[in-house]
Amino acid sequence: MNPRDDDDGERLWPKPPELPRYAWEADLRTAADIFEDSDDARRRRLLAGERLPTERVLEKPAAVAARDGRIYVADTVQRRIVVFDVPRRRVFAMGLRAPGTLAKPTALAIDAQRQLYVADSTLRKVFVYDALGLYQRTIGEPAALLRPTGVAVDAAGERVYVVDRADNDSERHRVLAYAGDGRLLAEIGSRGSAPGQFNIPVQAAVAPDGTLWVLDAGNFRAQAFDRDGQFLRAFGQVGDGLGQFARPRGIACDNEGNVYVSDAGFGNVQVFDSQGRLLIALGRASRKDKPGRYGLVQGVGVDETGRVYIVDQLFNKVEVLRRLGETEARALL
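If you use the working numbering, the sequence shown corresponds to residues 1 to 333, in order.
It should be emphasised that the hints constitute simulated quantities derived from the structure, not laboratory data.
It is possible that some hints are incorrect.
Stated by the list, open to error - Restraint-style ranges between C-beta atoms, simulated for each label pair: (1) Glu256 to Asn168: 34 to 44 Å; (2) Tyr135 to Leu242: 36 to 46 Å; (3) Ile280 to Asp209: 43 to 53 Å.
Unchecked claim - Here are the simulated DMTMM-like cross-link-like pairs (lysine to aspartate or glutamate), alpha carbons at most 20 Å apart as the crow flies: (4) Lys290 to Glu25; (5) Lys125 to Asp27; (6) Lys290 to Asp7; (7) Lys288 to Asp8; (8) Lys15 to Asp226; (9) Lys60 to Asp33; (10) Lys104 to Glu141; (11) Lys290 to Asp33; (12) Lys125 to Asp181; (13) Lys104 to Asp167; (14) Lys60 to Asp27; (15) Lys290 to Asp27; (16) Lys288 to Glu10; (17) Lys125 to Asp111; (18) Lys104 to Glu59; (19) Lys288 to Asp7; (20) Lys125 to Glu141; (21) Lys290 to Asp111; (22) Lys288 to Glu59; (23) Lys288 to Glu25; (24) Lys125 to Glu158; (25) Lys15 to Glu328; (26) Lys290 to Glu10; (27) Lys15 to Glu25; (28) Lys60 to Asp289; (29) Lys288 to Asp27; (30) Lys290 to Glu59; (31) Lys125 to Asp167.
Keep in mind the model is a prediction, meaning the values are calculated, not measured.
For every residue, glycine included, the Cβ atom is placed at its ideal position computed from N, Cα and C.
Let the hints inform the model, and build the full structure from the sequences given.
Next up, the structure:
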């Protein structure tokens, strides 16, 4: 899976003649990227004298989450959340005003009430904002969290899981489970390689059935836990082949319980079923900024429509892939 720069990108996965299941839809870099791009739409804007902003709004994107047409991107250099609000055709920022001011947002999660949870690894707590981007409260505190790099929440907002990556020489590699009101409920895992232990955990996601998935990067695996933090199963190993991991960075779940793992070493996102069986690999590493080609993959997210959002730090973009229904897929062949 070494980077190659001898192609013009890829827009369908898998490639024809196989029935495609995912299609490239857009790259998000500027406010203009969320507007209609048809000739008629452009003509109407020109006649109205409308000019779309073309400056890039991302500097170092790290994580992404999306729901109801709003795509939230954590930017660690700009110390804010950039929001691509597709229904309203606008881009705005969150996390710039006290008491919800961010320092280094590293992970995002959304519950069914559209509350946004932001893990801040510098301030060592999780910030919670409402659907309008207004600060609500914080969860966790610096005394309990050494270096939070991941956050996940169940649909009801009753369980908030914070991944504490800690330091390389620390024994406190674990996940802390909080109630929605911020009460600490449980501490999951410890440093190690046994089932249920962690070595550099980085991100987490909650499946529709409440299963907690933790990306255990130093052990090159994804681990599943029940609501109470009991170990269920794991998949993955170090390697350079499909179904293996090199530099895993992000994890997400879709409505069917499939697990998406982004890998900076491979420059792709691998999709597994809930039992860890590989379904498909999306994209690959490249030195060219083309559809389906990534320079430095970081976070990954999936929304309620099945769209996949892939963060690329080198090319400063969030790429959007659309999940295809069978009728639409056959029409593309």
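Query raised in the report: Which hints from the list above does the structure break, by number from lowest to highest?
Result: Hint check: 3, 5, 8, 21 fail, others pass.
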